[in-house]
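Heads up: the protein sequence lines correspond to chains A and B, in order. FYI, in this note's numbering the residues of the first sequence are 1 to 350. FYI, in this note's numbering the residues of the second sequence are 1 to 422.
It is worth saying that the hints were derived from the structure and are not from the lab. Be careful, since some hints might not be right.
Claimed, not checked - Taking lysine to any residue and the SDA-like style, the derived pairs with C-alpha atoms no more than 25 Å apart in a straight line are:
1. K291/A <-> E331/A
2. K192/B <-> L222/B
3. K341/B <-> K291/A
4. K219/A <-> Q59/B
5. K341/B <-> E192/A
6. K219/A <-> V211/B
7. K219/A <-> Q366/B
8. K219/A <-> N61/B
9. K192/B <-> F102/A
10. K236/A <-> P186/A
11. K219/A <-> K192/B
12. K291/A <-> D86/A
13. K311/A <-> N279/A
14. K341/B <-> D190/A
15. K341/B <-> K159/A
As the list claims (entries may be wrong) - Cβ-to-Cβ under 8 Å is the rule here; a few derived chain A residues that face chain B:
16. G55
17. V63
18. L96
No residue lacks a Cβ here, since even glycine has one placed at the ideal position from N, Cα and C.
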Amino acid sequence: MRKWISLLLATILTAAVAVACASTGDSTAQGGDNNANSTLNTVTSRGSLICGVNGQLPGFSFVDNTGEYSGMDVDFCRAIAAALFDDPTKVEFRNLSAQERFTALAAGEIDVLIRNTTWTINRDTALGLEFAPTTFFDGQGMLVTTASGIRDVKGLSGKSICVQSGTTTEQNLTDRFRKLNIPFTPVVFDDEDALYSAFAQGRCQAATSDRSQLTARRKTLPNPDNYVVLDEVISKEPLGPATRNNDSRWADAVKWVVFGTFQAEELGITKDNLAQFENSNDPEVKRLLGKEGTLGSDMGLPNDFMARVIKHVGNYGEIYERNIGGPFQLERGPNELWTNGGLIYAPPFR
Amino acid sequence: MTTILPQSSAPPVTTVGPWAWAKKNLFSSWLNTLLTIISAAFLAWVLISFLSWAFTEAQWNAVRDNFRLFLVGRYPVQLLWRIWASLGLIVAVGGLSWGVLARTSRLFDRRGLVMLGILAASILIVLGLLADPTSIAISLGLLVLVVGTAFLGQQIGQVKPQLGSWLPLFWLLTFLLAYALVRGLIIGPQVKLDDLTGLLLTLLTAIVSIVLSFPIGVLLALGRRSELPVIRWLSIVYIEVIRGLPLVTILFAASLLVPLVLPSGMRPDRVLRAIVGLTMFSAAYLAENVRGGLQSVPRGQAEAAKALGMNPLLTTTLIVLPQALKAVIPTIVGQFISLFKDTSLLAIIGLAELLGMGQSVLANPQYNGRSSEVFLFIGLIYFLCCSIMSWASRRLERQLNAPKRAVDPALTTNRPDGGGGG
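Next up, chain B with everything else stripped away, as it sits in the complex (with noise of 0.2 Å):
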C-alpha cells in the first residue's frame, strides 16, 4: 500500500501485531506507561517470587505421596477400580451428550483439538509428577473414550434427534449408577457412606447438594409467590429464617442437635446428615435468585397464556419458568460455585472432604509444616472444578440463547464466534 489514495477522511488505523496492541492499550499515555511498568514489575516480582520458592524451598513430596489420598481418601486400594469404572461411565455418557447436543456442528473444530491437546498434555504432565503409569494410562484411555463417544452420540444424534431432551433423565440413572458402583451396592462389598473421604466426598456432597436444592428452590420460590397464604408465608419463614443463619450454624446443627434429637438407635450417616444441611441452606437462597427471574418475566407472558386458555400449571412449567430460569443461569451456577467451595465447611464438623483430608495429611510427622504446598493443591484443585462449572455455564447460555439469533439468519452466518457469554 504505497500509493496514497486522496480521500477526505483517513483511513482507520489498520496496524496489527501484539507491539501495536500493546502499544495502543498499554503504553498510550505517560501515564499508562508509568503504572504498566510498575504493574508488570510488581508482577514479575510476584512471580519471580512464587517460582523460586516453588521450585527450591517447597517440597512437593507431601502433594505427591498422598496424590490418592487427596482425591479418593481413604477409599480402599483393591477396590480402585470401582471409582476408574464409575469415572469412565460418567465419562462415556459426557463424550455421548456432547456428540448429541453438537450433531448438528462440526466436533472439532481448531480451537477444541488445540484443547484436547492442552488437556492430554496436562493430564500426562501432572499425572506423571504425581502419580503411577496405570493411572496415566486410564487417564488418557478415558480421554479417548470422550472422543469415541462424542463421535458415536453425533452419529446417534443425528439419526435421533430427540433424544437432546432425554439427557437430564440419563445423567440421573448414570449419577446412581455410579454412585451405587463407588458404595459397592450393585457387586462387591459396601464402603460406608461415612466412609468416603477427600475430592471423592466433596463432589459427592456438591453434586448432590446441587441436584436436590435445585427443585426445592424452584419451589420455595413459586411458593413465596403463590396466592395460597399458607404456602406463602411457610415458604417466606424458611427462606428468611436460614437466610438468616449462618451455613456453619446449620452445619453444626444438623452434626450435633439432629444425633441428640432423634430417639436412639436411629443415627442418619453424617454425611447424610451434611447434605441436607447444605441442600437446605443454598435451596433458601436459590429461591431467592429464582424470584428475581420470576419477577423479571413480564406479566403479559403470563396473560398471554391465559388468554390461549392454558391452565395455572402449564403457564408457569411453560412459559414463566424457563424464560424466569434461562435469566438468571449467572447467579444460579454462582450459587453452585459457592456451594461447591462451601463443602470444605464440613472440614470443621469432622468430615474428611478435600480440605479436611488435606488436614489430616498435615498432621503427618512426616510432612509438619508443608501446608503451603497442600493448601496451594487444594486450591487448584477448587479452582479447577469450579472454573469447569463456570465455563459450562457460559456454553449453556450461549446454547439458550442461540434461537433467538437464529432467527435471522443473515445476523449470525458471518458474525465472529463467541458472541454471548458473560
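One chain only, chain A, in its complex shape (with noise of 0.2 Å):
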C-alpha cells in the first residue's frame, strides 16, 4: 500500500508541477507587448492598484496604529497610484512572504512588487521580473560595540559575529571572510529577537544584517549609544519595484514614477512648494510637472503625473527622510543625490 500511495502522490506531484509550468508558460507568452493586455490598462480600468509589499519590514512596509499601511515601500506603491487615479489611498496592499512573492507576481495577484527585493541578474532574467530603478541602496552591514574599537571588517579578524540562520545573510557572511581570509567564529541564530538579545548580553562581538535592519535594531538595544554600525559593507542589496517581463508599458510607467521623485528632488520640488513651482519658467520643471510637452500622455499616464505624485506623496528625499532617515537616523549614504556624491541618479526628463 505503501508502495502504491507514493507511486500515487510522485504521480500527483509530476502533473502539477507539469500544469505549473505549463501556465507560467503560457501567462508569459500571453504577457505579450502589445497595448490592451498592458497591465497599465488592467489597472486604470480596475481603478485601483494592487502592491506586493512585505508588510512586516520596519521602515518599507507595516501597519501603524492606525490601521494604514505605512514605510518607503508603501509609498511608492502610493507614487504609483497618485500617478494614475491622483488619489494615493487607490491601493490595496498584499502581504507577501518571500517565498510567494514572485509567484504571485507571475500569476498577476499583483501589480507591482515593492517588497524589499533585491535585485539580481537571476531575477531579471530568469525569473522573468522587470526591474524599476532601485529605490534603496541596502548592503551587509556589521554592528558592533563603540568600546571593541572595531573599525572595519579587519578588524573583526577571530571574533565570534552573530547571524541569523538560513538568509543570504549567513552565506554573504562566510564568503567575504574566506575571501578576505579572516578566521571568525559565527553564532547562528533562527529568530531575530533572540539574536539582538545575545548580542546585547556580549556572546558575540558583531551582529550582521542588511545595515537599514542594524541601524532599526540598534535604536532598540539598551543604551544605542554604545553601539555603532560600521560603514564598510560586504554585500549589494540594491532593492527596488519590479514588475512582469514583456510588459514594458507598465514597467515604463513605474520605472518613471521612481525616476519622477528622483528628479524632483534635484530639482528642489518638493510636496510643499509645489505651489511655487507651478509657475516656474524652467523648462524641466515645467516638462516635468507636464505644463510643457506630452512626456506623461505619452506613456500612456496623466501628463501631470508627476505633479500628482509630488502633491501626494512627495519626491525621493521626503520619502526617504519620513520613512527611513527620521525614525532610524540612518544616514543617506549610498542613497543621497548623485549630486552629492550618492547613487540616485535619473535619466533626463525630455
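Reassemble the complex: the two chains are provided individually, in unrelated frames, and hints are given to aid placement.
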C-alpha cells in the first residue's frame, strides 16, 4: 500500500509541476507587448493598484496604529496610485512572504512588487522580472560596540559574529570572510529577536544583517550610543520595485514614477513648495510637472503625473526622510542624490 | 467533640481547612516537604521575575495603541458598528441557546453568578486599560444581553422544549448573517474577504474550517469503512496522502500552486484558498478520529438495528454514528483546538491574521523590539479561545452523558456537582 501511495503521490506532484510550468509558460507568452494587454490598462480600468509588499519590515512596510500601511515601499505604491488616479489611497496592499512574492507577481495576483526585493541578474532574467530603478541601496553591514574599537571588517578577525541562519546574510558573511581570509566564529540564530538580545548580552562581538535593519535594531538596544554600525558593507542589496517581463508600458510607468521622485528632489520640488513651481519658467520643471510637452501622455499616463505624485507623496528625499532618515537616523550614504555623491540618479526628463 | 467514643476502629480523620490539606498533600514526608519547598521557591522566582518585568521593563503601549488592530485588524473604523452588531447577534443567540438548553435547571447557581461577576470585572479591567469607554460600555451591554436572552430563552424553552434540536440550524443561520453583516453583503460598502485581518480573520478561518471539516471528516471515516472498494480506496488515499503532508506544505500549495494552475482571470480569494487548505487537512485527521469512534461501537449495535429492520443509512445515522461521535468528543475537540492554533500558520503565507497582525505592528519603528509584550498578548488571546473551546467540550460531554445517569434518580439526586468532565 505504501508503495502504491508513494507512486500516486509522485504522479500527482509531477502532474502539478507540469501543469504549473505549462501555465507559467502560457502567461509569459500571453503577456505580449501590445498595448491592450498591458497591466497599465488593467490597473486603470480596475481603478486601483494591487501592490505586493512585505508588510512586516520596519521602515519599508508595516501597519501603523491607525491601521494604515506605512513605510518606504508603501509610499512608492502610493506614488504610482497618485500618478494614475490622483489619489494615493487607491492601493490594495498584499502582504507577501519571501517565497510567494515572485509567484504572486507571475500569476498576476499583484500589479507591482515593492517588497524590499534585491535586484539580481537571476531574478531579472531567469525569473522573468523587470526591475524599476533602485529605491534603496542597502548592503550587509556590521553592528559592533563602540568600546571594542573595531573600525572595519578586518578588525573582526578571530571574533564571533551573530548571524541569522538560513538567510543570504549567512552566506555573504562566510563568502566575504573566506575571501578576505579572516578567521571568525559564526554564532547562528533562528530568530531575529534572540540574535540581538544575545548580541546585547555580549555573546558575540558583532551582529550582521542589512544595514537598514541594523540601524533600526540599534535603536532598540539598551544603550544605543554604545553601539555603532560600521560604514563598510560586505554585500550589495539594491532594493526596488519589480514588474512582469514583456510588459514594457507598465514597466515604463513604474520606472518613470520612481525616476520622477529622484528628479523632483534634484530640482528641489517638494510637497510643500509645489505651488511655487507651478508657474516656473524652467523648462525642466515645466516638463516634469506636465506644463509643457507630452511626456506623461506619451506613455499612457496623465500628463501631470509627477505633479500628482509630488502633491500626494513628495519627492525621493521626503520619502526617505519620512520613513528611514527620521525614524532610524540612518544617513543617506549611497541613497544620496548623485549631485551629493550618492547613487540616486535619474535620466533627463525630455 | 470532647467525649471519647469507645469504638474498636478509629474514626476517619475529619480535620478540614487549607492547613490540613497542605499538610496532607504537600508536607506528608520529608521528601515531599523538600520537593514542595523547592517547587514553591522556583514558582515564586518565576512569578516575581515575570511580574517585575511586566510592571517595570515592559512597555505595554505597543499592545494598548494597537488593541483594535489585533482584534479587528484593518477593518474600516467607520464600519466598526457592523462588527459590534454581529457580535451582539451572536451573543444574543448564544444567550437564547443557553436558556433553551438549561430550561429545566436554574440559570444561575452561585458558581454561575461568581463566573459572571468575574467576567464583568475582567472586561472592565482589561478594556479599561486597553480600550475606549464606548467599547467598555458596549461590552458590558453585551453581557447584559447574554443574561437577558438567557432568561428569555428559558421561558421559550419551557413552552417549546423541542426547540433545542433546531439550535444547530439556528446557529448556522446566525453565522451566515453575522458573516454577511461583517462583509457588508446586506448593507453598506462591501469589505473584501482578503481585507479581513487580525483576530477577526483567525476566528473566521477557524470557524469555517471547523464547521466544514466536521462533515467531510465523518464522511471520509464512513467511506474508509465502506464496503464499496472505490469509495474505500479513495477515502484511504485521501486520508493517507493528506496526513503524510505537513500543513505548511498544503497551505503553500494552496497559495502558490493554485493560482498557477487555474486559468488567468480566476483568482479565488487568498483567504478562501487558506480555508480550503485548512479544511482539507483537518478533515483527514478528523476522519481518523471518527474512525476510532466507529470501531469502538460494538458490532452488536449494528446487528441489533438490522434485526429491527433498519436500513444501512438509518443504522449508521441513528445507531452507530451517535455512539461513535460521543465516544470521541475529546479527540475531536482536541483536533479543533489544534486547527484553531494552526491558523497562525497563515501568517507565513502572508495573511495578516492575529499573529501576522502582531508582526505587522512590530514592524512599526515606534514599537521596535516590543515583541515580548505583543507575543505574550497574542498568546493570551489564543489561550483564552482554546480554553473556552475545551470548557465547552467538557460541558457538552457532561450534557450528553446526563441521560445515562438519569436512569437511576437515586444515584443522581445527592451526587455532588461535577461528576463528568475529563
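Quick rundown of the hints versus the structure:
{"no.": "1", "hint": "K291/A <-> E331/A", "verdict": "violated (34 Å)"}
{"no.": "2", "hint": "K192/B <-> L222/B", "verdict": "violated (37 Å)"}
{"no.": "3", "hint": "K341/B <-> K291/A", "verdict": "violated (57 Å)"}
{"no.": "4", "hint": "K219/A <-> Q59/B", "verdict": "holds (15 Å)"}
{"no.": "5", "hint": "K341/B <-> E192/A", "verdict": "holds (23 Å)"}
{"no.": "6", "hint": "K219/A <-> V211/B", "verdict": "violated (46 Å)"}
{"no.": "7", "hint": "K219/A <-> Q366/B", "verdict": "holds (10 Å)"}
{"no.": "8", "hint": "K219/A <-> N61/B", "verdict": "holds (17 Å)"}
{"no.": "9", "hint": "K192/B <-> F102/A", "verdict": "holds (23 Å)"}
{"no.": "10", "hint": "K236/A <-> P186/A", "verdict": "holds (21 Å)"}
{"no.": "11", "hint": "K219/A <-> K192/B", "verdict": "violated (37 Å)"}
{"no.": "12", "hint": "K291/A <-> D86/A", "verdict": "holds (16 Å)"}
{"no.": "13", "hint": "K311/A <-> N279/A", "verdict": "holds (15 Å)"}
{"no.": "14", "hint": "K341/B <-> D190/A", "verdict": "holds (21 Å)"}
{"no.": "15", "hint": "K341/B <-> K159/A", "verdict": "violated (41 Å)"}
{"no.": "16", "hint": "G55", "verdict": "holds (5 Å)"}
{"no.": "17", "hint": "V63", "verdict": "holds (4 Å)"}
{"no.": "18", "hint": "L96", "verdict": "holds (5 Å)"}
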